[in-house]
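K.L.:
Single-letter residue listing:
2 protein chains.
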Amino acid sequence: MAFSELKNDIFLRALLKQPVPYTPVWMMRQAGRYLPEYRELRAKAGDFLTLCKTPELACEVTMQPLRRFDLDAAILFSDILTIPDAMGLGLYFDVGEGPKFKQVIRSQADVAALPALNIEVDLNYVLAATQLIRETLKGQVPLIGFSGSPWTLATYMVEGGSTKDFRNIKRMLYETPDVLHALLEKLAQAVTDYLNGQIRAGAQAVQLFDTWGGVLTPETYQNFSLHYMTKIINGLIKECDGRKVPVILFTKNAGLWLESMAHSGADALGLDWSIDIADARRRVGERVALQGNMDPSVLYGDAEKIRMTVKTILEKYGSGSGHIFNLGHGISQDVNPAHAKVFIDAVHELSASQHGGC
Amino acid sequence: MAFSELKNDIFLRALLKQPVPYTPVWMMRQAGRYLPEYRELRAKAGDFLTLCKTPELACEVTMQPLRRFDLDAAILFSDILTIPDAMGLGLYFDVGEGPKFKQVIRSQADVAALPALNIEVDLNYVLAATQLIRETLKGQVPLIGFSGSPWTLATYMVEGGSTKDFRNIKRMLYETPDVLHALLEKLAQAVTDYLNGQIRAGAQAVQLFDTWGGVLTPETYQNFSLHYMTKIINGLIKECDGRKVPVILFTKNAGLWLESMAHSGADALGLDWSIDIADARRRVGERVALQGNMDPSVLYGDAEKIRMTVKTILEKYGSGSGHIFNLGHGISQDVNPAHAKVFIDAVHELSASQHGGC
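First to last, the protein sequences are chains A and B. Residue numbers for the first sequence follow the numbering used here, so the first one is 1 and each next one is one higher. Residue numbers for the second sequence follow the numbering used here, so the first one is 1001 and each next one is one higher.
Just so you know, these hints were derived from the structure itself, not from any lab. Worth double-checking, as some hints may not be accurate.
20 Å max Cα-Cα, derived SDA-like pairs, lysine to any residue [unchecked claim]: (1) A:Lys-17 with A:Tyr-174; (2) B:Lys-1305 with A:Lys-17; (3) B:Lys-1102 with B:Phe-1048; (4) B:Lys-1305 with A:Gln-140; (5) B:Lys-1252 with A:His-181; (6) B:Lys-1341 with A:Tyr-174; (7) A:Lys-316 with B:Ser-1260; (8) A:Lys-252 with B:Lys-1341; (9) B:Lys-1305 with A:Arg-167; (10) B:Lys-1305 with A:Thr-211; (11) B:Lys-1252 with A:Thr-211; (12) A:Lys-311 with B:Tyr-1174; (13) B:Lys-1017 with B:Gly-1242; (14) B:Lys-1252 with B:Phe-1146; (15) A:Lys-244 with A:Gln-140; (16) B:Lys-1316 with B:His-1355; (17) A:Lys-164 with B:Lys-1252.
To spell it out: a stretch of chain B is covered by chain A in this simulated footprint if at least three of its residues, at any positions, have a beta carbon under 8 Å from a beta carbon of chain A; those stretches are [stated by the list, open to error]: (18) 1165-1175; (19) 1224-1235.
Computed beta-carbon distance windows for the label pairs [stated by the list, open to error]: (20) A:Gln-103 with B:Asn-1118: 36 to 46 Å; (21) B:Ala-1303 with A:Glu-185: 26 to 36 Å; (22) B:Ala-1303 with A:His-263: 16 to 26 Å; (23) A:Glu-259 with B:Gly-1088: 46 to 56 Å.
Glycine included, C-beta positions come from ideal geometry on N, C-alpha and C.
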C-alpha cells in the first residue's frame, strides 16, 4: 500500500541519532482518560475493549491528542494484553480494577494448550486499526506500533491479572523454570509476528513495553526477559518503504541494567524517572538513543514547575541528537490537559537552542 | 536496666565492618505468616494489631523464628504504621487487604492538626514489647528496632492506605510541596523520638524502612525522603551500654542512588535484589556495610537452587566483613519454613571460608 509522504520525521531521526532541529516529544498513554473527548467516546462505546477492537474508534482515539497538542508521534491505541486475549484466555475488565483473565497459565499442559496465533486473522482488528490510523495521519507524524514484552505478558497470564507481589510467576520461575521458558518462547514468537504485522500495516517504529521486567534480579532479567526481547528484535522487519523501522525498548525500573539493554539491538531505550538522564547518556548514549524521562506527576505542578523540569532534563541530556522527550511512564488520568500542552510546547521551545539545525 | 550479656554479636560487628567468623543472617519479616505457629497465635489473638499491641504476644511472635532457625538477629515484631496510628488516623486492616486509615492527610490544616507524640505514653506498647523481647532473648542475639521512614509513612497517611500509583502524595509533592515538607518534618521528629525510645528500651541496632522511596526521582528522593532520614540518623542515640547502636537504611528500588544514601550517616545500607551486590560494594563498600540481597522468591526453589544462589551472592560480595545476609524484601507468606532453614544454614556454612576468623 502507498501512504502519504511523512511531513515530520524528527522523531524517527532522533531515534537513529541523526541531526534534528529540536527534541521531539510524545507521551506514553497520550490517548487516554485525561482527555474529556476520550472519556466521552469511551462512554458512548460502552467499554475500553470495544474501543480497542473497533478500528474506527481506535483510530479516532489515537488522533485525539494530535488535534490538541504539537506531538511528534502518534501511537496505536490498543491494549498490551491483546495477544493473551487472542490466545483464548478471556481478557476482561471489572469496573475500577485492572485487567483480568478468565483462564490462567500454571502448568506445562496449560502452556502446551496455548494456540500458535495467526496474527493476520486472530489480531486482524489491530492491523486494521494500524492501517486506518496511518492513512488518517496523512503523513503528519510517524505512527508507533507496540507490544507488551513476553515477560510482562506472562505475568498477567500466570497471575490472572495485575499483581503486587508476582507470587505465582516467581514461584514458577524458581520451581519450574522450564514451564516459564516454554511460555516465554511461545510469546516471543507471537510478539515477533504481531509487531511485523503492525509494521506491514503501517507502523513506522515499534516499542516493546516491559512494564514488569524491573521486578526481576539482574540474572533473571537477562534470562527471562531481555533474552526474549533480543530474540524478537532480531526477528523484526528492519526496513519499510526504504526507511529503517527503529525499535524502542522500555523496561520500567531497570536503570541499573542499561548496559545489557543497550546490547539488545534496540535503537533506543525508554527511561523511567528514577534515573538521571545524564548518567544514562554517559553509560549507553554512544550506542542507543534515549527516550524519557520526566515523572508524569510533574504535570500536577504549575506551568513554571513543568517548564523548569523540562529545561533541567534537556540540559542533563545535553546537546546533539538521540533524545526523544517523553514521560517516564503513562500520563495520569487526573492531569489537566492544559498542563500537557505546556509540557509539549516547552520541550520544543526550550530544546531548539540545543540543536544545530539540520 | 541491666540486660544479659550478648552471646552472639556477629551481626553488630558486621554492621561496623569488624572481623567476623562467618556472614551473619536474618530475614526481613522473619516473624510472620509463613510460620504455622505464627498463624496459630494470630488466629487465637483475633487480629494482627492485637499481636502488635500486646507486648507478650509481640514478644512471643518475635521469638518464634529464633526457635526454628540459627538466626543472628531478632527484630521487634510491630507494624510500620504505629506512628500515624498513634497520631489518631485510625489504622485498620480489612480482611485480605493492606492497611487503611480512617482519616487522611491532604491539607496544611490536616498536618497542623496532627499531635506531637509523647512516645513513652502514646507508643508505650512498642517500648514495653522491646524491653520484654530484649529480656527474653537473654543475650542470645541482638535485637533490631525499626521504623518506617517519614516519606513511606506519609504515603500511607496521604493515600489513606496502600497505593499503586501514589497519585495523591505525588500531587501534593508537585502542587503544594510546603504541605508535604511540614508533614515530613513532623514525622521525622516522631521517628527520631520513636527510635530513641526503642534504643533506650533495649534495641541494639535500628533499621529505617523506606519501602516507597524508590518511586521518587533522584532529586525528589534527596529532598523528600533522604533529607529527613539523614536528619533522623543525626538525632539518634549513638551508643548504649558502651556499644555503638548501628543504623541500617533500606530504600527499596534505590540501587541507582546508593552513593547519596551512603552519605546519610547510616552504618549499613539494605539492598533489594535488583542490584548486583558486587557493584554495590564497589560503589559504596568502603563507606558502609551492606545488608541483602537474595530475592525472597528463590525460597520457592529447591535446596540446591537456594544453596547455589547463596553461594553466588557470597562470592559476589567477596572476602572480608561488612556483609549481613538477608532477603531483598520480606519473606513471602507461602514459603515452606524448611526452605528458610536451608537458606540460613547455607549462609553460615558457605561463608565461613570467606572470613579469616576473629
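K.L.:
Go through the numbered hints given earlier and state which of them the structure violates, listing their numbers in rising order.
P.N.:
Hints 1, 2, 4, 5, 8, 10, 19, 20, 22 not satisfied by this model.
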